[in-house]
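Colleague: Sequence:
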Amino acid sequence: PEVTMVLSGMTEDEHISENLRIAGTVHELPFDASHEAVVKRAKETYLSLQKVPCTGCQYCLPCPFGVDIPRCFDLYNSKYLLKQKVGTFYWMQLGGVNGKPSHASLCRRCGKCLEHCPQSIQIPNRLDEVAKDMEGPFMKPALKTAASAITIYTRLKRRTRGAKLNELVF
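Mapping of the sequence shown onto the working numbering: residues 1 to 170, in sequence order.
The set of hints was computed from the structure by calculation and includes no laboratory data.
By construction, the Cβ of each residue, glycine as well, lies at the ideal position given by its N, Cα and C atoms.
Among these hints, one or two may not hold up.
Simulated restraints on C-beta separations [unchecked claim]: (1) 151 x 7: 40 to 46 Å; (2) 117 x 14: 48 to 54 Å; (3) 140 x 51: 19 to 25 Å; (4) 41 x 9: 36 to 42 Å; (5) 120 x 155: 43 to 49 Å; (6) 28 x 55: 24 to 30 Å; (7) 141 x 108: 28 to 34 Å; (8) 2 x 58: 38 to 44 Å; (9) 49 x 14: 52 to 58 Å; (10) 114 x 159: 19 to 25 Å.
Hey, can you work out the whole structure from these sequences and the hints?
Modeller: Shown next as structure tokens:
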């Protein structure tokens, strides 16, 4: 009952029909000036803290260079909206330690993402901002070190596990 608006992505005619049917079942709740003032203050605060107005729709994907555009923007916004310390988290999630790198500085400004963004975000420019703010000069060397350490740890763990199994068998 507290939901006052639903944003729905629609890619097929059936989605439009379903959304219209559902919208017809909604009943209005009272909304007075005090509610409006609270919403206005919340919106102003949110917009003043948000760095990139990305909704995470993922229409900009796939990036030909592997950038996880929505995740880059999500972590960047979290740093300012939620005052989270996301630096290391950003490095680990997008740096490729446990997979393929997908961080902001991989962007080559091809513009493919711009064609699909419903928010009209200047994605390459904003990814430049993310890279400057979130990556810093030590990210790539730190990621290489972390990836090497994880590889060594994994290999040692496999060998140790194998040695213990051999001891048990023989």
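Colleague: Could you run down the list of hints and mark each one as holding or not?
Modeller: Now the hints, each set against the structure:
1. 151 x 7: 40 to 46 Å: Since the Cβ atoms of residue 151 and residue 7 sit about 43 Å apart, the hinted range of 40 to 46 Å holds.
2. 117 x 14: 48 to 54 Å: violated (25 Å)
3. 140 x 51: 19 to 25 Å: holds (22 Å)
4. 41 x 9: 36 to 42 Å: Violated, since residue 41 and residue 9 (Cβ atoms, about 28 Å apart) do not stay within the stated range.
5. 120 x 155: 43 to 49 Å: This hint holds: roughly 48 Å between Cβ atoms.
6. 28 x 55: 24 to 30 Å: holds (25 Å)
7. 141 x 108: 28 to 34 Å: violated (21 Å)
8. 2 x 58: 38 to 44 Å: Check failed, 27 Å falls outside 38 to 44 Å.
9. 49 x 14: 52 to 58 Å: About 38 Å separates the Cβ atoms of residue 49 and residue 14, which means 52 to 58 Å is violated.
10. 114 x 159: 19 to 25 Å: violated (49 Å)
Consistency note: the structure conflicts with the earlier hints numbered 2, 4, 7, 8, 9, 10.
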